[in-house]
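Engineer: As a plain string of letters, each chain reads:
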Amino acid sequence: MEQSILTDIKNAAKKSLKARHNELADTHRQMDILNGGLFADGELPYFKDKIAQTGQFPLKPKKLEILQINVGYMCNQVCEHCHVDAGPDRKEIMNRETMEQCLEVIRNTGAHTLDLTGGAPEMNPDFRWFVEEASKAGIQDFIVRSNLTIILANKKYHDLPDFFKKHNVHVVSSMPHYTRNKTDKQRGDGVFDKSIQALQALNKVGYGMPDSNLRLDLVYNPSGAFLPGDQTALEHDFKKALKEDFDIDFHNLFAITNLPISRFLDYLLASDNYEDYMYSLVEAFNPSAVANVMCTNTISVSWDGWLYDCDFNQMLDLKVASKVKHIKDYNEEVLNDRNIVISQHCYGCTAGAGSSCQGTVA
Amino acid sequence: MANSYYDPADLRKFGNITEWSEELGKKFFDYYGKVFEEGALSAREKSLIALAVAHVVKCPYCIDAYTKDGLQRGITKEEMMEAVHAGAAIESGATLVHGVMMMNKYNKLSM
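Protein sequences, first through last, are from chains P and Z. Numbered according to the working numbering, the first sequence spans residues 1 to 362. Numbered according to the working numbering, the second sequence spans residues 1 to 111.
There are no misleading hints in this set.
Each pair of labels, with its calculated beta carbon distance range:
(1) P:Gly42 x Z:Ser92: 44 to 50 Å
(2) P:Lys243 x Z:Asn107: 54 to 60 Å
(3) P:Ala40 x Z:His98: 54 to 60 Å
No lab work stands behind these hints: they were computed from the structure. In this text, a Cβ means the ideal position worked out from N, Cα and C, and glycines have one as well.
Sequences are here, hints too, so could you generate the full structure?
Structural biologist: Next up, the structure:
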């Protein structure tokens, strides 16, 4: 790609698509792109037709295992690939009333995992209260997705490692690469050094250490228009490099495919990589990954309480196809009887070894 | 025919060679797949070898494929360029070592 285009994208990415009034901030426009072009021309099959070939349409949920709650789109970073279009300019934040409704569900759910995400979830002013209350529900695995740099962003966040430890939170953090250059290109200048310091701070209180039950996992997203390689091999390389260079320990690496939506879609289109990327996703389609895609065991809740099959559908404003659409009306039995809403972005979760918020699935 | 001998979209059609010779095509792709599996060498090391050879045989399709493959494996651009130089050094060395042949012939013919 030409350097000038790269610079344009980088400068533009300092604000969310929404703040820039970019046409892709409109989810209808994103859906037009995902349903049109190569798919409308018949060059590539629609996701629905592809999974129908293996008898997997309509896609139905299995047992609910994960309740993923997005507590707001505000973030201290503006990453180029962000599917949430998060950033400091996003004001959508979950309020106490919706949190109370979520807590009611958390106390009664059959799910074994609670997964808090954002934005930077820690920036929600009620974040600590919510974690304290939610941890009382005794859920088996309580995840907070932290971008790491938030820990160093302001003095008020410096004690987060101790706070997480106190509530036995499982920390899952983004780390696109073990080299400064690749990390900063995707996530912004200086992000790598701050992420390293944050990981060291987490290690210091016991997170990620080999025999520790304070879980620290990393998330790897490719920093460009290519799919993630083998998760085990990448984990090996990350562990070796982070240990040798910075004496950092962590438990597992989750390799996650970038889905062609929001800011990553904007990047793909601006860099003329969209068509090749869609071909790559479709060519790597793996029917056995379909059986375990995360929407089959997850419910995603938005900052304003609406329910979705996954965080990606949330960002495309594709609400669950169920009578129950809002957390205030939550009913697990009714919800589990739905058909999962799909479109062409779903190829991102079924490529190769598959992709989910917990890494590969096949 | 397109206006160019090389079309990037043809890389996606590589598998089609099997249509005109199923037995040989299949044997080739089975062999190819096997070669790049983890073995005494890691798949990562083999990817870098493939990238170096791709440059030496000047195959645009292979350069396209193995640059992407390297990125997917988390291989850095510094590692990729070192691999290209390793290939280039062997290629230029192969030319230069023939200089000995030239010197031998020169000496044999000269008084």
